[in-house]
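Visitor: Residue numbers (the working numbering), protein chains in the order written: chain A, 1 to 158; chain B, 1001 to 1065.
Simulated from the structure, these hints should not be mistaken for laboratory data.
The C-beta atom is built at its ideal place from N, Cα and C for all residues, glycine as well.
A few of these clues could be false.
[To be verified] Reference listing, derived: stretches of chain A covered by chain B, where coverage requires no fewer than 3 residues with Cβ under 8 Å from a Cβ of chain B: (1) 25–35; (2) 94–106; (3) 138–146.
[Said to hold, decoys possible] Simulated restraints on C-beta separations: (4) F1009/B to E63/A: 30 to 38 Å; (5) D102/A to G1049/B: 27 to 35 Å; (6) A1018/B to K155/A: 20 to 28 Å; (7) E112/A to R1033/B: 20 to 28 Å; (8) H1034/B to H142/A: 18 to 26 Å; (9) M1015/B to P88/A: 40 to 48 Å.
Chain by chain, the residues run as shown.
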Amino acid sequence: MDRDEIIRVLRAFDACGLEYVLIGATAMGFHGIVRATEDLDLIIRATPENVERLRTALRQAYEGDPHIDEISAADLLGDYPAIRYYPPSGDLYFDVLTRLGDTARFETVDAEMRDFEGTRVRVATPSALYRLKKDTVRALDHQDAAALRERFNLKDDD
Amino acid sequence: MTEGRVEKFRSIEDMNRAPAPRAGQLDFERFLRHCARHWAIAPKTYPRGVFKFRTIEDAERTSRP
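For reference, chain A alone in the conformation it holds in the complex:
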């Protein structure tokens, strides 16, 4: 995946009306905390219609990839709230979530709209990212949380 591919995917999300919020390193990039990543993480609103929008958007971005048909509302709204999609380009993947932990859902993650080259992108706020990352078991999340806390003067109760 390259720069243009990420932009093409974000454009497809926007064009298809996907209700999502970017989290993870890509979201941190919008807030000026830049580190490399190999995945693009997003939480989507958990409705069958929205899962269909996701499939439509991915079909626009990756025309002809039959694996997109394996993404289903039955899974994402049921027992499998986390799916990982590896697109044909092969060097970056998508983690798509409908819920994260006990409380994080599309509706509960504070977000703001950003514009990048004419494309609207819904990005988790720094404090929302901090809340998502500060209590996980992953060391990288702790580093991210520390960077967010320092950059945005966040407190533990933010």
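Starting from the known structure of chain A, arrange chain B on it as the hints suggest.
Guide: Frame of chain A, contents of chain B only:
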């Protein structure tokens, strides 16, 4: 390309505290450029398709190549 510059510091701590100049680039543009360099330097080959997990922790544990 913006003009280069040199900054001097009395310690590594001072240097680490100093904000990096952004040269007018959008933050997200810097992110994209940074990732592009990373992918060029350390390319990886992933499997194809869709994998599903009960939690994101399961995804982190079981399938990150």
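Visitor: For this structure, which hints from the list above don't hold up?
Guide: 3, 4
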